[in-house]
Amino acid sequence: MAAGEYQERGADMGTSAGVGLSLHKNPADAGKEAALQAMERGGIAKPDFVFVFATVGYDQELLLRSIRDATAGAPLSGCSGEGIITAGAAAETNFGVCVLAIASDELRFANACVQGFDAGYARAGEELAEEVRPLLHPDTVACFLFADGLLFDFDPFRDAFERTLGHDRKLPLFGGLAANNLSTRKTYQYHNDRVISEGICCVVMSGNARLAWGVNHGCVPVGTRRTITRCQGNIIYEIDGIPALEALKEYIENGSASDWNRVTLNLCLGFKTPEHLRQEYGEYIIRYMMDKNDAEGWVSIQSDVTQGSALWIMRRDKELMREGLQAISEHIREQLGTSRPKLVMQFECMGRGRVVYREQEKIELLKSLQDDLGAGLPWIGFYSYAEIGPVSGYNCIHNFTSVLLAVY
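Each step along the sequence shown adds one to the number in UniProt numbering, with nothing skipped, and position 154 is 154.
Derived DSS-like pairs (lysine-lysine); straight-line CA-CA distance at most 30 Å:
#: 1; residue 1: 186; residue 2: 249
#: 2; residue 1: 318; residue 2: 292
#: 3; residue 1: 292; residue 2: 186
#: 4; residue 1: 318; residue 2: 272
#: 5; residue 1: 362; residue 2: 318
#: 6; residue 1: 272; residue 2: 292
#: 7; residue 1: 367; residue 2: 318
No wet-lab data here; the hints were simulated from the structure.
Here the structure is a predicted model, which is why all the values come from computation and not from measurement.
Using the sequences and the hints given, assemble the complete structure.
Written out as structure tokens, the structure is:
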């Protein structure tokens with residue numbers, strides 16, 4: 001079904017949305033169960049659009065095929081995550097899939113994708129913008145992005161995307177970077193029937209909708225100010241005149257330096273927040289160290305850096321994370337007023353789940369957040385390798401962060 005081609009609806013239909021979850025290990029059974037459950041909960045016979053988030057234990061092609069079959073081939077977008085999030089559930093397992101089915105006569109969705117970063121992230125931004133431009137309308141309200149989380153540099157992508165789009169107003173970007181189970185060497189992005197890696201999938205949402213969102217991390221500095229003395233793009237070669245990895249050694253527990261995944265689940269870099277973002281975001285911008293090179297001593301992050309920049313070594317703080325979620329909830333409720341969301345999407349750093357919280361504690365925290373915004377809302381999300389959401393009108397990438405979006 002092409003963008004804009006929707007079945008005729010009753011005048012009072014509005015937007016129907018439902019979320020389904022399955023933990024079956026068989027991909028065909030899991031996809032079918034989650035899709036049918038989503039449609040039943042939303043009272044939907046045939047969706048106009050489907051969002052899908054799943055973990056990497058499945059045969060991804062079979063999983064997607066079963067969802068497409070169950071939803072009569074509805075357009076589809078999404079990606080893999082370290083875990084999935086729905087109302088009352090946060091499953092960090094190799095076998096989990098959640099589906100958001102939407103039918104609406106007031107919202108319209110159109111999707112696009114690009115694959116491959118060999119020509120650079122700026123070129124990928126240009127290519128995606130060229131695909132997205134024809135999908136934009138005067139009532140377009142947002143764009144969702146799902147990109148490969150193992151290799152992505154957001155800043156050059158965003159700058160080229162926004163420049164090439166040439167839209168008369170900045171298009172808010174939301175989403176997250178696809179994740180895996182920390183051992184698989186691929187993440188996956190979903191576009192209709194296609195499962196790709198090293199790509200970017202996106203969804204343009206237009207129509208009668210408003211957005212309320214919040215962004216918050218929960219990290220504190222564990223050392224004094226440091227300085228980047230050599231870098232290129234998103235690679236940090238030296239901190240205070242020594243190799244970046246050498247500078248990090250004093251913050252790494254003995255015996256864990258070889259386990260980079262374990263190190264970076266709790267240790268990150270903080271940069272002074274630019275003045276134009278500080279009021280809404282706080283003192284530090286957080287950056288995840290997604291890769292390293294032992295021979296050359298460098299680390300890489302998911303945005304560009306400049307020589308001479310100050311940085312701080314940071315770690316997660318459990319209580320600050322809890323307080324941050326409460327702040328997000330309060331901020332969104334203020335924006336909503338008396339309105340009830342049509343649906344809620346949550347893009348959560350994969351290090352904010354079982355890495356920090358016991359299972360029951362994690363579920364109780366999620367339920368409290370969901371009850372604050374309204375019990376029974378269609379709610380979907382995933383644990384990601386980075387989160388995307390605007391701050392003070394600027395599209396930003398975030399790490400160690402929760403991005404929560406209510407569409408109303």
